[in-house]
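Top line first, the protein sequences correspond to chains A and B. All residue numbers for the first sequence refer to this note's numbering, where the first residue is 18 and numbers rise by one. All residue numbers for the second sequence refer to this note's numbering, where the first residue is 4 and numbers rise by one.
Every clue listed holds true.
Below, a sample of chain B positions facing chain A; criterion: calculated Cβ distance under 8 angstroms:
1) A47
2) S48
3) L49
4) Q54
Label pairs and their computed distance ranges (CB to CB):
5) B:R106 - A:R119: 56 to 64 angstroms
6) A:E52 - B:H24: 17 to 25 angstroms
7) B:H24 - A:I32: 30 to 38 angstroms
8) B:D39 - A:R224: 38 to 46 angstroms
What the hints contain is simulated information worked out from the structure, not anything from laboratory work. Glycine is no exception: its CB is placed at the ideal position from the N, C-alpha and C atoms.
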Amino acid sequence: MTHGTAVRVYRALLILVPSRLRETHGDEMEALFAERLAAARESGAAAIARTWVRTIVDLLQARAAGWRRRAGVMLTVPTDERHTVMFGSDLRSAWRSLNRQRTATALVLFMLSLGIAANVAVFSLVNGLFLRPFPFPQPDRLVYINETAPRWNLEVVGVNYPDFVQWRNAQKLFESIALYSTDAFNVADAAGAERIRGAFVTWDFARVLRVEPLIGRTFTEAEDKPKGPPVVVLGEALWKERFGGDRAVIGRTLRLDGVARTIVGVVPAAASFPDDVRLWVPMGGDPNQQGQSYSFDGIGRLKPGVTAADADRDLKRAHQPIWDKGDKDHTVSPFVKPLRDQFVRDYRTAASTVTGAVALLLLIACANVAAVMLARALARRREMGIRLALGSSRFRLLTQLLFENLILSVIGGAIGLAAGQWAIAVLVRMIPDELPRWAAFQVDARVIAFSLATAVVTVVLFGWAPALHAIGASVRSAMHATTGGTTGAPRGRRTLWFLVAGEFALAAVLLVCGLLFVKALDRVRHVDPGFRADNVLTFAVPISEAARPKQEQWIAFWDQLRAKLRALPGVDAVGVITCLPLGCHWGNFFAVEGAIPSADGKDPVVLVRAASAGYFEAMGIRLRAGRFFIEADGRDPQHPAIIVNETFVKTFWGPGANGLGRRLKVRDPEAKWMTVVGVVEDVKHYGLERPMRPGLYAPLPMIPRSTLSVAMHTTVDPQSLVSAARQIVREMDPELPVFGVRTMDEAIRRSLALRAALSWMLAVFAGLAFVLALGGAYGVASYLVSQRTREIGIRVALGAQPSDIQRHIIGRALAVVGAGVACGLIAAVVAARSLHDVLFGVRPLDAVVLLTVAGVMLVTAIAANGVPAYRAARIDPMRSLRTE
Amino acid sequence: MAEASLKPTHFYILLALSHEHRHGLSIAREAEALSDGRVRLWPASLYGSLQELSDRRWIEEVPEHPVEESERRRYYRLTRAGRQALTAEAEHLARVARLARARARARTGDAR
Chain A
18 MTHGTAVRVY
28 RALLILVPSR
38 LRETHGDEME
48 ALFAERLAAA
58 RESGAAAIAR
68 TWVRTIVDLL
78 QARAAGWRRR
88 AGVMLTVPTD
98 ERHTVMFGSD
108 LRSAWRSLNR
118 QRTATALVLF
128 MLSLGIAANV
138 AVFSLVNGLF
148 LRPFPFPQPD
158 RLVYINETAP
168 RWNLEVVGVN
178 YPDFVQWRNA
188 QKLFESIALY
198 STDAFNVADA
208 AGAERIRGAF
218 VTWDFARVLR
228 VEPLIGRTFT
238 EAEDKPKGPP
248 VVVLGEALWK
258 ERFGGDRAVI
268 GRTLRLDGVA
278 RTIVGVVPAA
288 ASFPDDVRLW
298 VPMGGDPNQQ
308 GQSYSFDGIG
318 RLKPGVTAAD
328 ADRDLKRAHQ
338 PIWDKGDKDH
348 TVSPFVKPLR
358 DQFVRDYRTA
368 ASTVTGAVAL
378 LLLIACANVA
388 AVMLARALAR
398 RREMGIRLAL
408 GSSRFRLLTQ
418 LLFENLILSV
428 IGGAIGLAAG
438 QWAIAVLVRM
448 IPDELPRWAA
458 FQVDARVIAF
468 SLATAVVTVV
478 LFGWAPALHA
488 IGASVRSAMH
498 ATTGGTTGAP
508 RGRRTLWFLV
518 AGEFALAAVL
528 LVCGLLFVKA
538 LDRVRHVDPG
548 FRADNVLTFA
558 VPISEAARPK
568 QEQWIAFWDQ
578 LRAKLRALPG
588 VDAVGVITCL
598 PLGCHWGNFF
608 AVEGAIPSAD
618 GKDPVVLVRA
628 ASAGYFEAMG
638 IRLRAGRFFI
648 EADGRDPQHP
658 AIIVNETFVK
668 TFWGPGANGL
678 GRRLKVRDPE
688 AKWMTVVGVV
698 EDVKHYGLER
708 PMRPGLYAPL
718 PMIPRSTLSV
728 AMHTTVDPQS
738 LVSAARQIVR
748 EMDPELPVFG
758 VRTMDEAIRR
768 SLALRAALSW
778 MLAVFAGLAF
788 VLALGGAYGV
798 ASYLVSQRTR
808 EIGIRVALGA
818 QPSDIQRHII
828 GRALAVVGAG
838 VACGLIAAVV
848 AARSLHDVLF
858 GVRPLDAVVL
868 LTVAGVMLVT
878 AIAANGVPAY
888 RAARIDPMRS
898 LRTE
Chain B
4 MAEASLKPTH
14 FYILLALSHE
24 HRHGLSIARE
34 AEALSDGRVR
44 LWPASLYGSL
54 QELSDRRWIE
64 EVPEHPVEES
74 ERRRYYRLTR
84 AGRQALTAEA
94 EHLARVARLA
104 RARARARTGD
114 AR
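Chain A extracted, bound-state conformation:
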């Protein structure tokens, strides 16, 4: 806003202050304001904002002082009405008027708060995810850093530590950059064994986020070296839980995975990043070690004024020596993007869909408010006409109407805000695991401003405007309406019907989309996951590598654990695996004998899992050819046997090929060839809606791991075996925690939580929209019937049958609703097309859905109009003609 505009805005705002002040001192006030604003401009945006707030408060105070003064003066001094806008009395008479028409008022309030509540809920969601800043200083300067390798078919590969060190030395536009990698640690002490989420970080991690420790310090550069001192920084929550918030905790030790680490600092709960990490340890990377994996995530803090795009170029420039040295084809390249983009990417579609839906809902509520207010205004033409005739100014009438609307919007806004907050709380409880930890959904100034603004705009625009429309006519026509009977203005009536048609059109759009989503959800739910989900209990156990350093010990441990679990009554199959379906991902590239060229020329990434004998049986994975693993597999290094999935066969050997007996190996000259002994059906490893990659299972003894997930199939309720399983692990090693306990049913449910929440939200909005539209139709029909009592009376007197009257009224309503629904269905098909990506193959032109919506809406519309029609048909001509 330029200075000139600002001053003009101020001039307009002077309407707020008492007219005497405005008229005597308006110009001088403007000059003083201009001076204040100019001074504020020198010191930046915050000062300007403060000046505006102070200015508006100042004006409102003057208004209030004016009222107070008048209250004292009015008794003695006659005031000139032209000079005194009678706010107090307008307010009172507006309130009286609302109170007189309680049903209409309640109806408007109900619809308004419904529309606003839904909007507040969705806005809180959007606000929490997209608008609220991260809980770190200057969060807009934080960026996410990773590497991409399109040639490997990987959008994100993870950062390689030596690459990172090269960037750190060569970059110019970052204040600092850091790496992190989340992990979990076994913590065992007198309080028992526990698995705690933590992160390995480079030493400058806290510097990037600008996290200030509560006590102690964060890491030093010297601690982040290979074989550096074992230290740990605790999160506030862990510190309070384990150490009771003792400030003398610095210097004490905490045993993580069997290693005693010295506690050097505690950081505040708000600094918990990434996600719900509770402790941090130095990464201790070695840039000179060869062949390191690409596995870390990076964050950076930009220098002031640097954009993410600049930083991206800077990082690529810093990466140049690596390309020159060993990666001439630029297979792997770094990228930078705003930190928030990285963490909200899953929610964008959902958020925009819900926002669209809820905006439609608000529009319907608006149409309803407009219809009710218009009907009220039409019904009050006589009152208005009389008041105009008695010399009241049109300005006064409009002010009073405006006040009525403002009262409605404030009350409606407040109710809507409260209801919306309640709704968001329910929603957040529905999808707790799916939302990022830093997202907070409490009321903040933004939410309140949003709901009030929505309420005021809704009511003033959709309430006041129709009122203007209705009483905009001259005194003569208003009086004419009074004397000429009660048929109401045809113009107003047409507007009413138009609003009803609009409501039905919008409700039809929402209903169609809502039903399509519910259908898509149902379809996703019925996707065959490739395993038997019921009665499978899973949990993970991490072996302490300090207590069992050798891989043979791990193999022995897993064998023993499996045997003991298998011996439990009610368990009929037990297996262990590196990654359960819907769990983690570990990919690699393979040289495959007789492989056909891939469709897109890229080397396909293969999902690698190491599984024990018994795993396939426990999960109910179906065999296509060959056999499952047996106990002997993988124990003889000379004959490595593997099992591949169907997609693997299709990708590497073509559709219809038989993979049995074929060989493949890791891309490494020293690697051994492995022979396919079995082909199994695909498991939906990445989620029911995601496509499956080629995957292979290696026998566990071949790739031993210290942390594995156990899957056991039970013949009894799987939950009843949890404590027995825990007991077995405790007996084998009391230091080992058991974590991630869940059934596969539960895992599937969780993986669908976001989609389910989205579908249900849309369904609920659609339902509300439908109810609002019906309410609107009913209200308008009732109003029109009541206004036409006299006309209908005459018709009946002239011989019309009750059934004729009913047919006439319902026919009119059906024509309107039918037109609305027809437009709505067309719009819905167009809208659903843009939702193609999230509809999981459900076609927008779904005949069943469209017919259902059309049928339900028309039938209920008949019902909604039937009641007033019935009433109309029972009108007694004698009485109706006497009512005037």
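Fit chain B to the known structure of chain A by using the hints.
Structure of chain B alone, referenced to chain A:
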């Protein structure tokens, strides 16, 4: 209450007018200068107060403006009643300040 004190805004306006005739903008600047920037008068409260003080006859408009200034500006001066009110308030404030200082010193004494 015998010691009804003046609103700070009113006090500073009277104070600003104690030596010379001023218009509103100049009163605002002077009040800010006199209070080391602690008192910022905002338009509506400044001119509202000027009206109120005029109504009380503590200040009055100067009928003839200095020529070079803009037509729109209204100049004010203190009336006799206004000067009395200002003096009374100044004495009241001095009394309060003496009292507070004495009390504060006594407390420090106790502590020792």
